[in-house]
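A.B. asks: Take the given structure of chain A and dock chain B to it, following the hints.
From first to last, the protein sequence lines stand for chains A and B. For the first sequence, position 181 matches number 790 in this note's numbering, and the numbering has no gaps at all. For the second sequence, position 14 matches number 623 in this note's numbering, and the numbering has no gaps at all.
In short, the hints are calculated from the structure, not lab data. Just so you know, nobody snuck in bad clues.
Pairs of lysine to any residue, SDA-like flavour, derived with a Cα cap of 20 Å:
| no. | chain 1 | residue 1 | chain 2 | residue 2 |
| --- | --- | --- | --- | --- |
| 1 | A | 1006 | B | 911 |
| 2 | A | 1006 | B | 689 |
| 3 | A | 1006 | B | 671 |
Keep in mind it's a predicted model, so treat the numbers as computed, not measured.
Protein chains: 2
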Amino acid sequence: MDFDLIREVVVPNETKIVLLVMDGLGGLPHPGTRRTELETADIPHLDRLAEEGICGLVQHVGVGITPGSGPGHLSLFGYDPLRYRIGRGALEAVGIDFDLGPRDVAARGNFCTVDEGGRVVDRRAGRIDTDICASLCAELRSIELAGAELFVEPVREHRFLIVLRGDGLSDALSETDPQREGVPPLEVRAEAPEAEATAALVRAFVEQARERLRAHHPANMLLLRGFAKPPDLPQFPEVFGLRAAAIAYYPMYRGLAKLAGMTALPAGPSLSDSLASLRENWGGFDFFFVHFKGTDSAGEDGDFQRKVRRLEEVDAFIPDLLALGPDVVMVTGDHATPSTYRAHSWHPVPFLLRSRWCQPDPARAFNESDCQQGSLGVFPATDAMALAMAHAGRFTKYGA
Amino acid sequence: MDFDLIREVVVPNETKIVLLVMDGLGGLPHPGTRRTELETADIPHLDRLAEEGICGLVQHVGVGITPGSGPGHLSLFGYDPLRYRIGRGALEAVGIDFDLGPRDVAARGNFCTVDEGGRVVDRRAGRIDTDICASLCAELRSIELAGAELFVEPVREHRFLIVLRGDGLSDALSETDPQREGVPPLEVRAEAPEAEATAALVRAFVEQARERLRAHHPANMLLLRGFAKPPDLPQFPEVFGLRAAAIAYYPMYRGLAKLAGMTALPAGPSLSDSLASLRENWGGFDFFFVHFKGTDSAGEDGDFQRKVRRLEEVDAFIPDLLALGPDVVMVTGDHATPSTYRAHSWHPVPFLLRSRWCQPDPARAFNESDCQQGSLGVFPATDAMALAMAHAGRFTKYGA
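Isolated chain A (complex conformation):
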């Protein structure tokens, strides 16, 4: 999608758009029944939306490419995921609700075990408890660096986040993780001339951390990977002229939305929490991104029946959502997570859009087969926002 063209045709109005993302929505047939999770679930309200609306299958990155959660969501928000990339360190920061700023460089850290010769013998330090990780991070946080502020935050088990904040920092840095055991951690190197100063800061941090961790076997050393500045995203509210809000309980999805410039609204683990937040903030925003995690978790666990139940839970929430009177509702996923596959997959994902201005469309139910027959066919996820804007009357015509 061409953001300059979008900006050229955007006009303000009072309409409301809801994007409901069921994480890992798409599925594959159960070997016993030959029916997918969506085809198995009893989801009359979603089926009705599909019948009244227009349907298709969205492709987030490209044919055969399995999207991570970052690219999966960014593409639904309209960003070309091949152009706008979120580095690993930035995604880790977002995933623990750390607000990355433009002067920050983030990296993923692992506590590891080294022998007396300094050679890595366990890249994960025996997967220490998160509590221990937190106390080691507190210890490292007191390291002082000349010219940068330092943040060290626990993530889970042996994983943590470091962030350097300062002027002129660069993320063009090599990793210190040798990716195998029996050799020492690598020294960080600048991969561009402008990164020399940052490389020196990281080396200073690593040296001091080595001293402080020496006595904390098995977590007696650390490895750093995925140095990244936050992505420089055009801001969603500016591009689309929308007051945009995110209702997402899990930090990563909330963080992705915040990177795009959306306002994070209160969210809880259940759909009724999301509904309460929607109701409370309905007047204050034009666009609502609502994230539902349960479908993905069930798919990752290979639990076909639980994924079916999660779909039915979402279905039960649809009437309350419609009672708010949205002008455009979109329902889709950020990628497929078929229960039989137990992981993110590359399959294009069911999509529906319902408004009062929908063209005739043959889809009669919300599932892979009907959506494949839908009028939108297989289409890029980055087109979804343009469809929503058009159906919400928020685009004027192009040319006279």
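C.D. replies: Then chain B, alone, in the frame of chain A:
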């Protein structure tokens, strides 16, 4: 579409191609019957063409983007409407049959009312009669400018066209319309160094016009907008190797075709006028663009039944068209104008192509649903000409 590739494979032959554009063709379901205008109309001949031919839905500019008439037609002629843009002033000129040349800069004018302090109090001068507009234009036409020829032509009510003709003129000029009342008209400014001389000419025109209009309250001043040179279009007959003709009664559509290098043939308000012109000129041209306005007007008026009748009128004209023996017939629209929406819309538009070389295609009737199921799917309007050329045997193979 890649014009260099087209030029590389074009070969001459004797075949005939007809592009019939029903303006604003696409529709939406009637709320009572759930059938669109095309699904409601009795159009056996168009249905037969759809059954024999290949069908799809054309998208003129991009997903969700509502095409104006200019981009809608240019894209059907094969021009990327995001690359080839027609400025407002140029389109106004085309719309009153003014033949813009490469040395011209055109602008839209409004007569307006100013108070004694020179502040705009009515941007439309009370929508004066077109007769008064014409006499004021005649008055202004006698203004002499050093270094440019001046044309001032009435359009309708308070609207008129000015054209400056001369060497080295530029359209990089700011508008004089303040877009609100209570402030004086703006002074025109050059928006690029090469436009300084043109800006001085426009200021001289405005100063003299102010004197001449002073006594003509309420039309005692003017505002200028949308300065534009004619677009620099590769010429359609050269690109496609076709002797190309336009049969369009309304000046804007005829003018668009002329900008693309087509020959304007005589046209009248009715389809029998178009047919007579087709018959008369059948031997002299290879390509005929035939424009039919009635479908759009009915849609804009929100008159579902009238749009249905217009479709049936076009249907009745098809046997006479086929009797001429065209090798390729395409029928489509430049954009949708659903009667329920009462305006141009973004929905992709039914398209059919019939020749003796059509692949199997499931569409059995000419309407939104069947065309959506057609073998062409949703496709860019800029591809239509390549399909026509291929089916007319006018492309040789690419590579050996």
